[in-house]
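What follows is each chain in one-letter form.
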Amino acid sequence: MELGTTVLLAVIQIAVVMGVVLLSVAYMTYAERKVLSFMQDRLGPMEVGPWGLLQPIADGLKLFMKEDIIPSGANKIIFAVAPIICLIPALIGFAVVPYSEGFSLLGGTGGTITDLNVGLLYIFAFASVGAYGVILGGWASNSKYALLGGLRSGAQVISYELVIGLSIVGVLLLSESLSLRAITEHQDGGFWHWNLWVQPVAFVTYVIAAVAETNRLPFDMPEAESELVAGFFTEYSGMRFAFFFLAEYANMILVSCLASVLFLGGYEAPAEFLNFVPGFVWLALKTWALLFFFIWIRGTFPRVRFDQLMKFGWKVLIPVALVNILVTAVGVYIVNN
Amino acid sequence: MQTTEYLWDPESVTEDEELPLLRTESLMLNMGPQHPATHGVLQVVLELEGEKILKATPYLGYLHRGTEKIAERGTYQQVIPLTDRLDYICAMANNWAYVRAVEKLMQVKVPRRAEWLRTLAAELSRISGHLFWLGTQALDIGAMTVFFYTFREREVILDVFERMCGARLTSSYLRIGGVERDIDAWCIEKLRGFLATFQARIDEYDTLLRENRIWLARTKNIAIITAEDAVSYGLSGPALRGSGVYHDLRKCDPYGLYPELDFEVPLGSNGDTYDRYYIRVREMEQSAHMVRQLLDNQPDGPVMTEDPKLKRPDKVLVNMSMEAMIQHFKVVCHGFDVPRGEVYCGTECPKGELGFYIVSDGSGSPYKLKIRAPSYVHMGALDHMSRGYMIADVVTVFGTYDIVMGECDR
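Taken in sequence, the protein lines are chains D and H. Each residue of the first sequence is one higher than the one before, counting from 1 in my numbering. Each residue of the second sequence is one higher than the one before, counting from 1001 in my numbering.
Derived by calculation from the structure, the hints in this document are not laboratory data. Here the structure is a predicted model, which means the values were calculated and not measured. Watch out, some of these pointers could steer you wrong.
[Said to hold, decoys possible] With a Cα cut of at most 25 Å, we get these calculated BS3-like pairs of lysine-lysine: (1) Lys1069(H) - Lys1370(H); (2) Lys1069(H) - Lys1104(H); (3) Lys1109(H) - Lys1251(H); (4) Lys315(D) - Lys1052(H); (5) Lys1309(H) - Lys1109(H); (6) Lys1104(H) - Lys1370(H); (7) Lys1315(H) - Lys1109(H); (8) Lys1052(H) - Lys311(D); (9) Lys144(D) - Lys1251(H); (10) Lys315(D) - Lys1220(H); (11) Lys1368(H) - Lys1104(H); (12) Lys1220(H) - Lys311(D); (13) Lys1251(H) - Lys1069(H); (14) Lys1109(H) - Lys1311(H); (15) Lys1251(H) - Lys1309(H); (16) Lys1315(H) - Lys1330(H); (17) Lys1104(H) - Lys1315(H); (18) Lys144(D) - Lys1052(H).
[What the hints assert, rightly or not] Reference excerpt, derived from the structure (chain D facing chain H, CB under 8 Å, subset only): (19) Met18; (20) Val20; (21) Gln40; (22) Ser143; (23) Lys144; (24) Pro218; (25) Glu272; (26) Gly299; (27) Thr300; (28) Arg305; (29) Phe306; (30) Asp307.
Where a beta carbon is used, it is the ideal one built from N, C-alpha and C, also for glycine.
Chain H extracted, bound-state conformation (with noise of 0.2 Å):
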C-alpha cells in the first residue's frame, strides 16, 4: 500500500489558518502495447483527469524490422515482398506503391493488361482493407457481429488473390514492369459473384450502425480535426476526406487506368469519426463500381513487359537454351540496375497516402529507402484528437486512422 503524503499536516491547521491550496494529480494510464483494442502493439500513455484525456503520448516502435534498411542489402525486387509486411490487411496496394516509385525512376512503360491487373488488385485491395477497418471498429466501439460480417466478404476478396498470386495475406504479385501472372475465368467469376451481392451486404452494415443511436452518439463530434489542422499534421486518405479536403491522389495525379474509370471521391463535412466512418463506406461502393467497370473492359495482352533486364524468360527456354538460362540467371540473382537518381512516388493506399523515397546511385540494389505510411503520420495527430475526450474514446481515435503497426512501425 502506499502511504499518502500531505502537503500540510492536518494537525496544525486552526480555524483562523487558510488552508493551502490541495493538490490534485491526473492519473497516468499505460495502455498498451498488449492491449486488446491497440491494432497491435501500440503504446499510449494516457493522461487522464478521472476519465477525461488530457494528454495521449504514443510510444511507437514495438514492430519495428528495419524494414527500409534491410531494403538497402537485396535487388530492387527482393524489396516487394518486404512491402506486403508494411500494411499487411492490404499488401497489393503496398506492392503497387513501390512498384511505382522504381518504375518512375527507371522510365519503364508497363503493358495495359498489366496495368488493369494492378488497379483491380489496388481496388480488391481497398474493399478488404476497409472491411477489415470496419469490423475492427465497430469490435472497438462493442458492436461485435458488424467483425464477422465484414470477414465473411473479405474472406471472397482473400479466396481471389489466393488463386492471383498463392498467397491470401502476403501477396507479392507485382512484379517491377508488370504482375507475376495473369488471372483466370475463375477469378472473373468468382468477383462477378461477389460484386452481386456486396451492394446488400453494405446495407446490411448500415442497417446495423448508420442510423443505430448508440454508434451515432460514439461516433459523432468525437475526435473532430478540422480541415487546415488535417492538412498541418499531414493526415491523408479517409482521414483527410473525412475533414473535407478533396485530396485524392487517382485522381489528383491519376495513375493505373483510374483516368478511364468512373468514380467518385466521397468527402466528409465534421471532420469527426463519423464522416470518417461514413466516406470509408462509400469508398467501398465506388471502387465496387470501379471493379465492375475493370471487369466489363478488360485489355487483352502480355502481363510483363519485354524489357530483358526485368523479364525473367519462358521455363521452357530456360530449360532449353544457355542464353535464357543465363538471362534467368542475371535477373533472379542480380536483378537490374537503375540509373542514378532520386524519386517520390506517392500511392493512394487504403489507409492514405503511401509513398516511396528511393536514392539510386545507380547499382543494383536502393542506396536509401524511405517509406511514408500513412499509419506513422496520422499517429502525430493523435494527441490532437483525443484531448479533451472520454478514455473509452481514445480507442475509436486511433481506429478512426485505420492504423497498422507494421506500416507505422516499419
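Excised from the complex, chain D in its bound form (with noise of 0.2 Å):
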C-alpha cells in the first residue's frame, strides 16, 4: 500500500473516531445529569435545548468564553501544561481500540486506527502518564488544596493501575497476545465465549480498580469536594478546567472500552443470530452500559476515606488479582497439556 494511501486511511479514521470519541465524551455529562436526577427524584438539565438536549454544548460554550486565570505564584509553564499532559493520553488510547471487524476501505484495512501488537501496553503507558498531569497541575497552583489533592491522586493512580494491570494478566494469559483485536478475536462466538465466565474476578478487580484510575466516586479522593474543594483543579477555569473535565470523563469512555474488549467481547455479537448488527454497535452498547453502572455507583454510594482507599487497594484487591493470575495460569497449563 502507498505511503498516502496509508496517512489518509489513518487520518480519515482518526477523524471519526475522535468524533465519536468527543461527542460521546459531551454526551456523557448530560448522561450522568439525567441519570442521576432520576434516581434523585428531579428532571435534571431542561432548560437549553427540548429535554435539555442542548446542555453540554451551551457548557462547553461558556467554558470557553471564561477568563483564564493563572494565580499568582503559579508555575506558569507547567500550570499551562499539565491539563494537556492530562488530555491527551485518555484520548490517544482510543488510536487501539477496535471498533470494529476488519473491513476493507481504500485499500487498506479498517476496524482499528492502528492495530499494535502490544496494543494494551501502548494504552497503560500512556495511562501513567496521564497521572503527571494531575500531580502537576496540582503541585503549579501554588494551592495547598490542590497540592493535596495532587499527592491524593499520585497515589492513588500508581496503586490502581497496579491493580488494573494485574487483573489483565489474566486475560492475556488466555488469549496469549497484547493486542486488542486477537484479544477480541479469540472471544469470537457469543456470549458465553467472553472472557467475562473466565475471568469473573478479574473483571470484579478491573472495573473496581477503573472506577479508582477515573477518580469516581466512591474513590474520587483527589476531587473530593467536602473536603479538598475541587482537588488538584480547584485553581483551574475556563478552557485549561475544560481539559481536565474532558480527560477524566475520555478516561472513563476508554476505560469502559476496555472492560468491553476485554472481558465482554468487544465488537463480537452476543449470539449469532445478532451478527447483522454492525460491530460498532455491540462496542458501544457494551460501553455505554459500563458507564451506566458508573454513574449508578455514584447515586449509590459514599466517598471512602484516603487511607481505607489505599487500604482496600493494597490489602484486598492485589493480592485477590495475584491469586486469580495463579490460578489461571495453573488452569492453562493444565488445559494445554
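Work from the hints to combine the two standalone chains into their complex.
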C-alpha cells in the first residue's frame, strides 16, 4: 500500500473516532446528570434545547468564554501544560481500540486506527503519563488544596494502575496476545465465549480499579469536594478546567471500552443471529452499559477515606488479583497439556 | 517559588560528623470560611502531618449579627423574628425556646390548644432539622442521593409550616402567651399523609446508609467522645446522647405537652459519629410517633392567652371601638412590661439545649439577653474530637454536631 493511502486512511479513521469520542464525552456529562437526576427524584437539565439536549454544548461554550486565570505564584509553564498532559493520553488510547471487524477501505483495512501488537501496554503506558498531568497541575497551582489533591491522586493512580495491570494478566494468558483485536477475536462465538465467564474475579477487580483510576465516586479522593474543594484543579478555570474535565470523562469511556474489549467480547455480537448488527453498535452498547454502572455507583455510595482506599487497594485487590493470576496460569497449563 | 532554608550546610558535613536532627514542619491548611463543606461560614485552621490532624482551631464570628444586642433595643415580641435567624433550619423550636423563657419570667398561663400547637410545631421542626442534617452529613461523606431524598420529605413539612404561619423558614409563629393562629384541616390531612409514608422513607435511608460498608467505615469509631468528656465539654442534644448520657430536657424538665406523650430517648454507646447518626434517625421516628399521638388527641380552645397586655384584640373590634384600638396600639408599639428579675430557660432543640438567659429591669425590653447556642458550645469540642483523625474526618466532625452558623455566631 502506498504511503499516501495509509496516511489518508489513518486520518479518516482518526477524525471519525475522535469525533465520536468527543461527542460521547459531551453527552456523557448530559447522561450522567440525567441519570443521577432520575435516581434522585428530579429532572436534571431541561432548559437548553428539548429535554436539555443542548446543555453540553452550552456548557462547552460557557467554559470556552470564561476568563483564563493563572494564580499568582503558580508555575506558569507547568500550570499551562498540565491539562494537556492529562487530556492527550486519555484520547490517544482510542487509537488501538478495535471498534469493528476488519473491513477494506481505500485498499487498506479499517476497524482500528492502528492494530498494535502491544496495544494494551501502549494504553497503560499512556494512562500512567496522564497521572503526571494531575500531579503537576496540583503542584503548579501554588495552593495547598491542589497540592494535597495532586498527592492523593498520584498515590491512588499508581496503586490502582497496578491492580488494573494485574487483573488483565489473566486475560492475556488466555488469549496469548497483547493486541486488542486478537483478544476480541479470541472471544468470538457469542455470549458464553466472553472472557467474563472465565475471568469473573479479574472483571470485578478491573471494574473496581477502573472506578478508582478514573477518580470516580466512591474513590474520588483527588477531588473530594467536601474536603479539598475541587482537589488538583481547584485553581483552574475556563478551557484549562475543561481539559481536565474532558480528560476525566474520556478516561471513563476509555476504561469502559477496554473492559468491553477485554471481558465482554468487544465488537462481537452476543449471539449468532444478531450478527447483522454492525460491530461498533455492540461495542457502544457494552461501553454505555458500563458507563451507566459508573453513574449508578455514584448515585448510591458514599466516599471512602483516603487511607481506607489505599488499604483496600493494597491489602484486598492486589492479593485477589495475584491469586487470580496463579489460578488462571495453572488452569491454562493443565488445559494445554 | 520559595527557597528552602537548610538548618545545616550540606557541603559542610563530613563522614565522621553526626548529622544534626532535621526539622519537620506541619502543614497549615486553612479551611473556610469559603469552603463547600463548612456549613456556612466556619473557618477551621488545621495543622496537618500528611493527612493526619494535629490540631484543629475553629474561628467563629463570620456570621455575627449582634442578635443579643439588637434584642435589647425593641420590645419582647420583637425578639421573636430574631430567634428565627439563629438556627434557621428549625425556627419553630427557637421561637419556643425564647417564648418559654419570657413566659417563665412573666408567669404566663398558656392555653392548652396553644401548647398543643407548639409541641406539634417543635416536633415537626425536629424532623425537618434532622432530615436536613442527615442529607448534609451524607453529602459531606459523598452520598449525594440521600440529600435529595431527605429534602423531598422536608418539603412536606415546610409546606405545612407555610400554611401555618405564611413562612417556610423564618416562621415567627409563636407569640408570648400563645401562637399566632390556629391550623386548619388541610395541615392535619397533609401531616397524616406525611406520617403514612414517613416510616417507609426512613427505611429507604437506612437501606442506603445504615449497613453500607463505606458509610460504616467513615462513621464507626470516628470522632469518639466519652460520656465524661461530652459532659465536661458541655455537649447537649444528640451529640451528648450519642455518648450514652441520658439527658433530654423533654424528659428531665418536661414542658409543653411532653409529659403526656409516649416517647423514648434513643441513646448511643460508643460516642462515635455512627451513634450520633443512628440516634438522630431514631429520634425522627420518635418525633413522628409523637406527631401521630398529637394528631389523635387534639384539644380545643383558644390559641392565645386572654391577658389583654399580651393579646391583640380582634381586628373587627379594632375597627369599631376606640378602646380596642388603643389596646392594639399599646400591644404592638409599647409591648408589655416584664417584672424585674432574671431567668434561664433551656429547651431541647434539634441541635441540643438552646437556652435563653434574660435579665429584666422591669421595662418593656430586655436589659440583657444571652443565648446559649448548642452549636457554639459544640465547637469547643472540635479540637478534642478531631485530633488524630484524617483530614476527611474533620468534615464529618463538624457535620456530626449539626452546626448551623446562624446560631453559632448569633
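Hints and how they fare:
| no. | hint | verdict |
| --- | --- | --- |
| 1 | Lys1069(H) - Lys1370(H) | holds (9 Å) |
| 2 | Lys1069(H) - Lys1104(H) | holds (21 Å) |
| 3 | Lys1109(H) - Lys1251(H) | holds (21 Å) |
| 4 | Lys315(D) - Lys1052(H) | holds (21 Å) |
| 5 | Lys1309(H) - Lys1109(H) | holds (13 Å) |
| 6 | Lys1104(H) - Lys1370(H) | holds (15 Å) |
| 7 | Lys1315(H) - Lys1109(H) | holds (23 Å) |
| 8 | Lys1052(H) - Lys311(D) | holds (16 Å) |
| 9 | Lys144(D) - Lys1251(H) | violated (48 Å) |
| 10 | Lys315(D) - Lys1220(H) | holds (20 Å) |
| 11 | Lys1368(H) - Lys1104(H) | holds (16 Å) |
| 12 | Lys1220(H) - Lys311(D) | holds (17 Å) |
| 13 | Lys1251(H) - Lys1069(H) | violated (32 Å) |
| 14 | Lys1109(H) - Lys1311(H) | holds (13 Å) |
| 15 | Lys1251(H) - Lys1309(H) | violated (32 Å) |
| 16 | Lys1315(H) - Lys1330(H) | holds (14 Å) |
| 17 | Lys1104(H) - Lys1315(H) | violated (28 Å) |
| 18 | Lys144(D) - Lys1052(H) | holds (15 Å) |
| 19 | Met18 | violated (32 Å) |
| 20 | Val20 | violated (29 Å) |
| 21 | Gln40 | holds (4 Å) |
| 22 | Ser143 | violated (10 Å) |
| 23 | Lys144 | holds (5 Å) |
| 24 | Pro218 | holds (6 Å) |
| 25 | Glu272 | violated (41 Å) |
| 26 | Gly299 | holds (5 Å) |
| 27 | Thr300 | holds (7 Å) |
| 28 | Arg305 | holds (5 Å) |
| 29 | Phe306 | holds (6 Å) |
| 30 | Asp307 | holds (6 Å) |
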